[in-house]
Structure formats: structure tokens, C-alpha cells
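J.: Given next are the chains, with one letter for each unit.
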Amino acid sequence: MIFRPARFLAAAALFAPLLAFGQKNGCIDCHSQLDGDLKAPVAAFEADIHREFGLSCRDCHGGNPDTDDIALAKDKSFKGAPAKAKIPLFCGGCHADPAAMRTYNPALRTDQLSQYETSRHGKLLKAGDTKVAVCTDCHGVHGILSARMPKSTTFPWNIPQTCGRCHADKGLMEGYRIPTDQLDEYMASVHAKALFEKKDLSAPVCNDCHGNHGAFPPAVSSVASVCRQCHAAAGELFGKSLHKKAFDDMGVGECDACHGNHKILPPSTAMIGTADGAVCIQCHDEGSRGFKMAADLRRTLDGFTSGYSEVEGLLSLARRKGVEVGDAEFSLQDVHTTLVSAENLTHGLDEAEIAKTVAEGEKALLGVRTAALGAVKEGRFRRQGLAVTTAILALFAVALALKVRRMGRTRRDEAGPGVPGPPSS
Amino acid sequence: MAQGVGRTIWEFLDERFLITELLGFAKKKTVPEHGRSFWYFFGGICLFLTGLQVATGGLLLLYYTPQVDAAHESIQFIMGGVKFGWLIRSVHSWTANILIAMLFVHMFSTFFLKAYRKPRELTWVTGFLLLVLFMAFGFSGYLLPWNELSYFATRVGTDIAGSLPLIGPWLKTVILGGPEVGQATLSRFYWFHVALLPVVALAIVAIHVLLVQTLGMSKPIGERGKREIPFFPDFIYKDALGWTLILVLVGVLCVFLPWEVGTKADPLASTPIGIKPEWYFTFMFSTLKIIPAHILSLEGEKLAILGFMVGGLLWLLVPFLDRRAGRGQRSPLFTWVGLALAAYIVVMTVLTYTVPKL
Numbered sequence: 000m001i002f003r004p005a006r007f008l009a010a011a012a013l014f015a016p017l018l019a020f021g022q023k024n025g026c027i028d029c030h031s032q033l034d035g036d037l038k039a040p041v042a043a044f045e046a047d048i049h050r051e052f053g054l055s056c057r058d059c060h061g062g063n064p065d066t067d068d069i070a071l072a073k074d075k076s077f078k079g080a081p082a083k084a085k086i087p088l089f090c091g092g093c094h095a096d097p098a099a100m101r102t103y104n105p106a107l108r109t110d111q112l113s114q115y116e117t118s119r120h121g122k123l124l125k126a127g128d129t130k131v132a133v134c135t136d137c138h139g140v141h142g143i144l145s146a147r148m149p150k151s152t153t154f155p156w157n158i159p160q161t162c163g164r165c166h167a168d169k170g171l172m173e174g175y176r177i178p179t180d181q182l183d184e185y186m187a188s189v190h191a192k193a194l195f196e197k198k199d200l201s202a203p204v205c206n207d208c209h210g211n212h213g214a215f216p217p218a219v220s221s222v223a224s225v226c227r228q229c230h231a232a233a234g235e236l237f238g239k240s241l242h243k244k245a246f247d248d249m250g251v252g253e254c255d256a257c258h259g260n261h262k263i264l265p266p267s268t269a270m271i272g273t274a275d276g277a278v279c280i281q282c283h284d285e286g287s288r289g290f291k292m293a294a295d296l297r298r299t300l301d302g303f304t305s306g307y308s309e310v311e312g313l314l315s316l317a318r319r320k321g322v323e324v325g326d327a328e329f330s331l332q333d334v335h336t337t338l339v340s341a342e343n344l345t346h347g348l349d350e351a352e353i354a355k356t357v358a359e360g361e362k363a364l365l366g367v368r369t370a371a372l373g374a375v376k377e378g379r380f381r382r383q384g385l386a387v388t389t390a391i392l393a394l395f396a397v398a399l400a401l402k403v404r405r406m407g408r409t410r411r412d413e414a415g416p417g418v419p420g421p422p423s424s
Numbered sequence: 000m001a002q003g004v005g006r007t008i009w010e011f012l013d014e015r016f017l018i019t020e021l022l023g024f025a026k027k028k029t030v031p032e033h034g035r036s037f038w039y040f041f042g043g044i045c046l047f048l049t050g051l052q053v054a055t056g057g058l059l060l061l062y063y064t065p066q067v068d069a070a071h072e073s074i075q076f077i078m079g080g081v082k083f084g085w086l087i088r089s090v091h092s093w094t095a096n097i098l099i100a101m102l103f104v105h106m107f108s109t110f111f112l113k114a115y116r117k118p119r120e121l122t123w124v125t126g127f128l129l130l131v132l133f134m135a136f137g138f139s140g141y142l143l144p145w146n147e148l149s150y151f152a153t154r155v156g157t158d159i160a161g162s163l164p165l166i167g168p169w170l171k172t173v174i175l176g177g178p179e180v181g182q183a184t185l186s187r188f189y190w191f192h193v194a195l196l197p198v199v200a201l202a203i204v205a206i207h208v209l210l211v212q213t214l215g216m217s218k219p220i221g222e223r224g225k226r227e228i229p230f231f232p233d234f235i236y237k238d239a240l241g242w243t244l245i246l247v248l249v250g251v252l253c254v255f256l257p258w259e260v261g262t263k264a265d266p267l268a269s270t271p272i273g274i275k276p277e278w279y280f281t282f283m284f285s286t287l288k289i290i291p292a293h294i295l296s297l298e299g300e301k302l303a304i305l306g307f308m309v310g311g312l313l314w315l316l317v318p319f320l321d322r323r324a325g326r327g328q329r330s331p332l333f334t335w336v337g338l339a340l341a342a343y344i345v346v347m348t349v350l351t352y353t354v355p356k357l
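First to last, the protein sequences are chains X and H. Per numbering that gives the first Met the number 0, the first sequence starts with residue 0, numbered consecutively. Per numbering that gives the first Met the number 0, the second sequence starts with residue 0, numbered consecutively.
Hints were generated in silico from the structure; no laboratory data involved. Treat each hint with caution, since some may be false.
[To be verified] If we take Cβ atoms under 7 Å as the criterion, some of the chain H residues that face chain X in the derived model are:
id, residue
1, Ser73
2, Gln75
3, Met78
4, Gly79
5, Leu209
6, Asp233
7, Ile235
8, Lys237
9, Val249
10, Gly250
11, Val254
12, Pro257
13, Gly261
[Unchecked claim] List of simulated lysine-lysine pairs, BS3-like, C-alpha gap at most 30 Å:
id, chain 1, residue 1, chain 2, residue 2
14, H, Lys356, H, Lys82
15, X, Lys376, H, Lys263
16, H, Lys356, X, Lys402
17, X, Lys320, X, Lys291
18, X, Lys362, H, Lys82
19, X, Lys73, X, Lys85
20, X, Lys198, H, Lys356
21, H, Lys82, H, Lys171
Remember, predicted model here, so these are calculated numbers, not experimental data. C-beta: ideal position from N, C-alpha, C; glycine also.
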């Protein structure tokens, strides 16, 4: 066999990347042959984001992966698995180092550790409580995924469960004297509905109100600021209302006093007024000015909402009758926007402004109502038209059938008994 | 005086259009009557439905706008803003679907009665071409409302055409008028639907009807009875009875289930789950879905498309392949093949709608 250097070099160049890919990693070689917890990191690390950036066991745990000898592998640089209390600093070794992070992802923030240290979790950890959450409790250990990945424990629709793993655990939370119903309450909220039913990833989850690395329960004074991150218009109206000063004086959180915190239900006009379920009567006694105003507001809004529901029903009826009501439905959406706007204006308690908006909405609703009534009438007309047409056509069909039958008899008579043949014409 | 003018006009027209001779032909023309003559009426029903298609399609042209930013709105306007627009469009859409169903029934009844045998080979060939043309009408017309379902079904359909061996990519570009379903596609489909296909289809319909009239109706093999009825008025009356019943059915469907406008197509949206073409394409669509990715190292999908093309060609040539029927003898092999094909089409179509994850 003749040695051909050119071919050898070409083959070497071709297979070099494969050789590099298949480089020895003693940690993985050994751990993959172990069982249970010692083997688990090998499989989990396959999908880990750190692996994607070319990091390996040694980059976090130190040691020498180039050898099969355990004693040699655990050299001076070997750190092993850090104690739980040390994990924030362990991860922060890179994640709090802008120079180190710049190498992999310059856009990633590096304040997680400093934020963690200000969090309730961080403070308790510093005080020696190792039951509190550290980095790995939320992000996982060897199968850490980017928060943008839907399977990540920190992807929006997984966060309630991630936090709930500890915060819904009665045994774990017992010592902290904090409730454990937050997860259940959140899952019943309008926010969870938006997130899980409408798949709206912008809907808030735990960390959007409490912070993530710097997680802390918002103080009464800051609840409004938290809600205003999304509900700016309602917040602005409330800030100008009579309630603002009254709530501040009472030391009551602005939004949660009426809407609650974790179990924030879809807002409705039922919250306003003096009937059961209305939040106004929590503070306003019968006979007071506030009580009267609550009743007036409810009346004004009820008139609008009942009119809206009636038109909605008419359009639905027309649609069921097969009448095209796309344009009217589109106009009704505008009316709905006005209705929401009027409901939102209740945060400002400006009765005149609310009445003006409701009047505008009712005017627009009138136009849609006319269209809806016309559509229902059209549906009725179509059915009546069909009945008349079908009757005429049925009569025509019966006449034709009789004629055909008579002609058949005549032809048979003309052909004579038992003599099939062409008709005489 | 009036009678004299009428007579003059009649003579003028008769001299030019040979009306007396045509009436004479119609009076002499007879249709065989036997136990299976019921199937003859499906041809007349197809012709009647074609007439409705032309009439309602022509009226829809008054308001339809073939532009991506106006097509859907114009359909919405037809359904909601134009007096009886909902009826015209619903009749057009429903009769289009009933027509395809009737064409299948007519084709298979003709097949099982072996009516394609000599000398009616060309009646069969033109009939099959009409089925293909009407399916093309359906495919091109489906996109015109520019709604979500039609948009994505067209994308799926043209992707299948694009996977044809050799000519696929070229064919897809020709159909779409570009790499994606867009304005060029809508313009082309509109042109196909209202200009090219009607001209070709009406010409073939004329040939088909002419052949039926000149060659007469075929009697099934083995039918010994000589009983016949006059085409006019006996057969026409029976035909009219069928048309009237179809008209009642269409009326009920249009009032209780007017054809939907759907959501306007959004080319940037992701393809809705479970998107499928019009029902008459689903037996082919589902075949492509269930066929293995590779058969004997050949791509399954391409093989299936080739299979459909070869199968269609063989089906077209049935009158020339079925020699026994040509000699007036029974041909059970062809009957069994036809039964298998009909069963396959029905089963695959039903499965498409009953097994969503097929």
C-alpha cells in the first residue's frame, strides 16, 4: 500500500473536528457509570445552557477531567459540590463578574448576586437559614435552561410553580409564619387566566411584582407602584382621586384594598355599589356621601352594561340565524372599549367624567343596536322567505311528479299490455 | 297584424337557427327506460348546477374585488351589505360543493353502468376532464375570499404541487406567481376562476352535451328491454323534478348554513392546527399524510403524487382499457376496481374528518 501524504492530511483535516469533539472528559466518563444522584448530572448537563457556551464540569467544579484516576482528577483546583450556603457566591463567581460574562453573553445582567443579597432569601441565608431559596432552587442545577426556553423553570408560565414549590409547602413555610395559599390564589386570578388560557406571556407572574433575584414582599406604600407598572392609567386616575389621601391616611395599600393581591379577579361593575360583593361598602356606611355615590355610579354603569349585553345577545342571535354581523360586532368592540374606559374612570371618582363617557358609549351603542335589530329581522325574513319559496317549489314538484306519473301511465297504455316498445309519437 | 309580425320574426329566426329541425330532433329523441335509468338524472343535475354556478358567479363579480387588502372586505360586504348578496354567495358556494359531489356520483354511476363503452369513449373522457376542471374551479375559488382557512389551505395545496418530481418547484412558482401566496396568486386564481376555466369548461360541457345528445343514453350491458320514453317532455319533466328538489335543498342550506366569511388571512400568522383542503381533495391529502416517508428508497409523498397522476390517467383511459365492455360483455374486474376506488375515496374522506391526528 502506497502512503499518500496528501490523502492523509485531507483525512486528518476532515476528522480533526470529530476528534476534538470526542475529547476525553473523565468526569462524564466516570459519573455516567455511577447511579442515582451521582449519575443524574451527566444526563441533565446535556441540555444545560452552560454546555451550549462550551463550559464543562471543570469550569464550575474545578479538578482535572483529563485523567481516569479519581485521586488525580480531584486535584488542588477541585471544588466539588458547594454547600447550599455557598451557592450564591459559587454562581456569582462568574455571574457577578462583568468581565467574565462579557465573554459569553455581554447583554446578560451581572447584578443577580447583589440583588439576591438584598432579597428576603439572601438576608435569611446570610443569617444562617439554609432552607431559603438559592440560585439552584429556582434555576435547577445541571439542566439549567435559558429563561427564554418554555421548558425552563424560570419561563413565565413555569414561574408560579417554581415559587410555589416552596411557598405552597406548608411544612417548609411553617417556620416563617407566611401563608401558603398564594399559588392557589394566583391560579384563580385574572393574571393566571391571561397567562395560561390566552397564553399572554406579558401577564404578570410572581417575579413581576416581587422581583426575582431581589424578591421581597412589596410594602403597603409600594403596592401601587408595582401595579402601575402595567395599570398606569388606573394608577394615575387613583392618584388624583379623593381616595388617594384617604387610603394613605388609613395606611391601606392602594390597589389591593379593593382588588386583593394574589387572587385578583376580573374586574366588573359588581365591585362597585352598595350590593353584596361590592367593595365600596367595606368603608362607606349607609347614609354616607360615599355610599350614595357608589350607588349612583353602579346605576350609571349598570344601565350601560345591560344595554351592552342586550346588543351582544341580539348580535349573537343574528349570527346564529346566519346573518353576517361582522361590521356591527366590530362597532360593538369600540363600545366595549368605551365601557372599559368608563369602568376604569371609577378609579378617579369623577362622576361627571364617567357620565360623559357613558353617554358617548350609549350613543354609539344605539347605532349598533339598530344594526343588530335589523340583522335579527333579516334572519326572520330569510326563514319566512324560505318557507314561502319551499312551499311554492314543493307544490311545483308535486305537480311535476303527478304529471310524470300520468305520462308514464299514458305511455304504458299506448304501448299496450305486456308489449314494451318505443312510444308512439 | 301582431300574428303576422310574430310569424315573420319566427321565420327569420328559424331560417337562421334551424329551430324547426332542432325541435324535430328533440321530439324524435328518446331515452331508454329500465331499472337503472334513475342514474341518468345526475348528468342533468350537474348541468343545472353548472348553470347556477355561472349565474351566481357572474353576479358575485359585480362586487368582488380581487385584491389582498380588499377581497375579504368585499366578501363581507356581499354577505352583509348587498341585498340578497348572502343568498347569491351561499348559493354559489353550496352549489359548487354539491356539484362536485354530483359529478362524482355521475362519474361512478357511468362507470358501473359501463356507459363509457364504444362509441361513448369521448363522452367519458370529456366527463372526466370536466371533473378535473371543476375541482380546479374549487381550488381556485377557495382562495378568493382571502380568509385564514383558504389562505393556509392554498399554501398547503401549492406546497404539495411544489413537491412534484422535476416540475414541482417550477409549477409552484407558476401557480403562485412568486415564492409565496400573495397578490400575484390571488390575481392568478381569480383569472383562472373567472376567465380561463369557464371558457375551457363551457367548451367541454358543450362537447359533452353534444355527444350525449347525438349518441343518446347508453343502456347497461345485459339490459334487454326496449322500452323508451321521449326526451321531451317526459325526460325533461323528470329532470326538472330533480332540479326542483335540489333547489329546495340549496335554499335550506343557504338560509340555515350561509357560507361563512371567516377571519381575514394573516400571512404572518402561524398555520392553524388541522388545516385541510376542501373535502373533495381530502382523500388525496390524507393519503399523503399517512404514506411512509420512504418506500423502497423513494420519497413516499412524491411516489403518492405520481400514483395519483398515473391513476388519473388510467381512469381517463378506462373506455380503451376495458375491452370486454367494448364488446358488450360484462367486465367484473373493472367493476371491482371501481368499487375499491369508490370505497377508498369515501373511507379516506371520512377518516380526514373523524380522525384529526391522521
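J.: All the hints need checking, so say for each whether the structure fits it.
T.: Now the hints, each set against the structure:
1. Ser73: 12 Å, violated
2. Gln75: Constraint on Gln75(H) satisfied, holds at 5 Å.
3. Met78: 4 Å, holds
4. Gly79: 4 Å, holds
5. Leu209: 23 Å, violated
6. Asp233: Holds, because the Cβ-Cβ distance from Asp233(H) to chain X comes to roughly 5 Å (cut-off 7 Å).
7. Ile235: 10 Å, violated
8. Lys237: 6 Å, holds
9. Val249: At 10 Å from the nearest chain X Cβ, Val249(H) fails the 7 Å test, so the hint is violated.
10. Gly250: 6 Å, holds
11. Val254: It holds, given that the least Cβ distance between Val254(H) and chain X is near 4 Å, below 7 Å.
12. Pro257: 4 Å, holds
13. Gly261: 10 Å, violated
14. Lys356(H) - Lys82(H): 42 Å, violated
15. Lys376(X) - Lys263(H): Holds. Lys376(X) to Lys263(H) sits at ~27 Å (cutoff 30 Å).
16. Lys356(H) - Lys402(X): 52 Å, violated
17. Lys320(X) - Lys291(X): 43 Å, violated
18. Lys362(X) - Lys82(H): 27 Å, holds
19. Lys73(X) - Lys85(X): 20 Å, holds
20. Lys198(X) - Lys356(H): 23 Å, holds
21. Lys82(H) - Lys171(H): 38 Å, violated
The structure fails to meet hints 1, 5, 7, 9, 13, 14, 16, 17, 21 from the earlier list, while all remaining hints are met.
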